[in-house]
Amino acid sequence: MALVAIALLLFCPPLIIVVDRLPSFNVGWLPLYLFSAWAVVIGLTAWLMEHRAGH
Amino acid sequence: MRTELIILGTAFGYLALLFVVAAWGDRRAEQGRSIIGSPTVYALSIAVYCTAWTFYGSVGRAAEYGPSFLLIYLGPTLAMLMAPFVIRKMVRIAARQRISSIADFISARYGKSTSLGALVALMALITITPYIALQLKAITVSHAVLINYPDTANATLMDERFWMDKSLWVALVLAVFIILFGTRHLDASERHEGMVAAIALESLVKLVAFMAVGVFVVFVMFEGPAALFAQVAATPALVDSMRLDNAPGGVTGWVGMLVLAFLAFLTLPRQFQVLVVENVDEQHLTRASWLFPLYMLLINLFVIPIALAGLLLGGSTDDPDSFVLTLPLSAGLEGLPLLVFIGGLSAATGMVIVETIALSTMVSNQLIMPLLLRSRRLHLSTRGELAGWLLGIRRVAIVLILLLGYLYHALIGDSYSLVTIGLVSFAGAAQFAPAMLIGLYWRGATRQGATIGLIAGFLVWCYTLLLPGFAQSGWLDAALLTEGPWGIAWLMPYGLFGLENWDIYTHSLLWSMLANVGLLVGVSLFTRPTPLEQTQAALFTEAMHPNLQTTALSSSLWRGQTTQGALKELLVRYLGAPTTRRVFSHSSTKSAYAADEPATAELITRAEQALAGSLGSASARVLINSVVRGEALDIESILSILDTTSQTLEYNRRLEQKSQELVQIGEELRSANERLRELDRLKDEFVAMVSHELRTPLTSIRAFAEILRDSIELPEEKRQHFLGVIVHESQRLSRLIEEILDLARLESGRLTLNPVPLDLAALARHSIDTIAHLHKERGIELDVNLEADPAMVIGDQDRLEQVIINLLDNAGKFADRDQPKVRLALYRHRRHFRLSVEDNGAGISADERERVFEKFHQIQQDSDIPRGRPKGSGLGLPISRGIIAHLGGRLWVEDAKHLGGACLTLELPAAPDAANPS
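Residue numbers (my numbering), protein chains in the order written: chain L, 243 to 297; chain G, 23 to 940.
Excised from the complex, chain L in its bound form (with noise of 0.2 Å):
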């Protein structure tokens, strides 16, 4: 359940808000956070539920 909230906090407002204020590079910050932040996410699962899985 702190995965899923872990989630909810970087893919909601207002952390997805500052990001896109940031300083403009390239095309934005916006689609890097995203991506970047949807891969720890993932990794995040696949170690948790592995690990678990392993025990």
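What the hints contain is simulated information worked out from the structure, not anything from laboratory work.
Even glycine gets a Cβ: it sits at the ideal position worked out from N, Cα and C.
Hints should not be assumed to be uniformly reliable.
Claimed, not checked - With beta-carbon atoms standing in for the labels, derived distance ranges:
hint, chain 1, residue 1, chain 2, residue 2, range
1, L, 281, G, 685, 44 to 52 Å
2, L, 257, G, 248, 24 to 32 Å
3, L, 263, G, 564, 42 to 50 Å
4, L, 278, G, 511, 39 to 47 Å
5, L, 256, G, 549, 36 to 44 Å
6, G, 692, L, 278, 57 to 65 Å
7, L, 263, G, 257, 40 to 48 Å
8, L, 260, G, 35, 48 to 56 Å
Based on the hints, put chain G in the right spot on chain L.
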């Protein structure tokens, strides 16, 4: 190369490959070597979520609304994170109750309600048919783009007759595929192994195709992402399109879309089919919970670059939905566009196959079967098997659903973009979420509440999304959107109750969910569920309860009575003879079949489950009720079973805890007993040793005393010598007894010490003086080195002197025989004083160094050392160590640094004043 023949040949060749893979999957399943028993295949089958909408529409949405297109995939990611809690529960319930579709699931939860199941099936048909149409439209459009490029696709599509439309033929081929591999078994809850294998393959094909075009666009057309983004950065309009402001509805729309995608992922009939019905092992959810999100991330990785590249190169002339095809075509490629077309075909056909199976199951089990069961012609009194007939109904439903989808595409589809159709369907399917999710966790939700909530939510969805779509297509007055019905502004479909300027999907979701959830909860609070509803509610909400996994509970759900013959007749009629034989053979009742014998509760439950898998839970209950007199267990009985088993579990837990405590206590007792035995052994050993030590001088005294008594004429010199021996042995005896008493007092803690500050250097000098005469007799050379002088410690003077004399005496005894040397040193070590006594004897081996402090232990002397060396009692060192320990110090053996023999060192804490010399 891009001829009609090659394209059609490739497309239908690919479909033929799907047939081969599906047939192979089914054959392996029949041989007991299932290929879907893998979490990876399961995760790939869930990727049926990524339809033609993802394949073509994501790029279109990214081009128009920026990164907000990702919300369609972030919502399912959240849902998969919750898979261990929510989806696992759904899977368990579906497996236990042989649920065959989402309509069956909701119907079963609310008392196996026929009307509710039919309502959900009807709603699914209305909301999902456009979605199927969308896939067919994607096939038609992508084929037209491929054929007509660089001309636009629309020009030729307008003139095309329906039999020229390739999607019609694709739909017909799919109908054959689905009939062959989706209706092999009447039992819809059984896994479609071949179909799932084909869907997993399609997921791989569409991923490879999309990534191939992404790599080509980024690394070939633009020489890498840096070059592409540099060109984008030079176009401010494109940079702005990637900002949050460009998302429909801004921040509110962002959150609304996330929630919508989350709910739709769980409630879309095809997702329910692959997630729940086709699941073969709950454990597969563990891998799928991260592998499926990873799949979505990969397939979306190049969406933004392709969209930006399309906007840079094609501008607004090309349809963004077609960028995936037009970009490689514009580069003059032939093979890659064909691969992209096959990828899009995979995405579309995968969705159509699974969605059609799910819908046809719902239509046949929830809509047609209940109607047929009411027909007199199908009543039990009629003879003949109906199993084949039921499969026929499902097959006809498949063809009709696909034709309906095609008709929608042919007649209405052009009015909407891919994304519009997809999101409208999403919002429609999301209406199932309250009845399903609230019903999973709240036992108080009733059938009336769920039904009214569903109807209200569906009507609001129709009003806020479906009717405005019709108005935009020109079939309704456009004033409906701008002025509201009859000019009532607060009833405007896109601005209900004055809530204007919201994203239309978030707006619709908000009002429909408010109505749906509000009425479900509100009506449930004021209505009474039927006994069957209560039972089902308990079985759903308590699905993860460990007791519900026991067959004892599931087999005791029926209390009705019927004969085995009546039950068999029912099953043969609806499921056929082979399935009936399976049901009867799996029964735990080992007795032979007897038509007049009563059927057991377990057999009735198995029969109902078998019927539910084929006809839906509502129809199964109707049929079972027609032959069984009596009812299933009511809620009180279920709760009683749960509570009773809960109590039993609790008792078991406590018993187990007590048992563990007893084992622990037993271990402690065993250990204590062993310790007692050891102490007893030591006591016996001690008594034996003491007896031996006492007997030696006593024997000597007695012997000499007898000689003196019996030999009157013994010379005076001899007499004196014998008397001297008697006195000496008596003294030795007294000393030994004194030492034994000391030892006993030490071990019992009764030794009284008088600790006072004293100078250890002065005491050492006094001890040396005391023993000097003895050392002189033995010819011992004594070296004294008092570095610390004075050396103030807290101790008992007499006892400490006893220890030092004992150490000096021992050193003298074990020093070298020819040139005996002893060295006494006193020095400070940190906050302690150390007094060491060395000798130049043979020393003490490492393994003997602790044993010398054991009672009566005598060091084994080397054989070449002549005997006659004075021996001790073997108690001196244990007593010395005990005294030093009582004074807070320690005594040990180490190597002699100066003389090479043994060295005994005692250490005592410095007295407080001496410890902190100013």
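So, going through the hints one by one against the coordinates:
1. Between residue 281 of chain L and residue 685 of chain G the Cβ separation comes to about 49 Å, which falls inside the hinted range of 44 to 52 Å.
2. Under the hint 24 to 32 Å, the C-beta atoms of residue 257 of chain L and residue 248 of chain G, about 27 Å apart, fit the expected range.
3. Residue 263 of chain L and residue 564 of chain G have their C-beta atoms about 48 Å apart, which keeps the hinted 42 to 50 Å range intact.
4. Evaluation of the 39 to 47 Å hint for residue 278 of chain L and residue 511 of chain G yields a pass: the beta carbon distance comes to about 44 Å.
5. Taking the beta carbon of each, residue 256 of chain L and residue 549 of chain G are about 41 Å apart, inside 36 to 44 Å as hinted.
6. Distance hint check for residue 692 of chain G and residue 278 of chain L: the Cβ-Cβ separation is about 60 Å, which falls inside the suggested range of 57 to 65 Å.
7. Hint check: residue 263 of chain L to residue 257 of chain G, Cβ distance near 21 Å, so the stated range 40 to 48 Å is violated.
8. One distance hint, 48 to 56 Å for the beta-carbon pair residue 260 of chain L and residue 35 of chain G, holds here, with the actual separation near 51 Å.
When the structure is compared with the earlier hints, a violation turns up for hint 7 alone.
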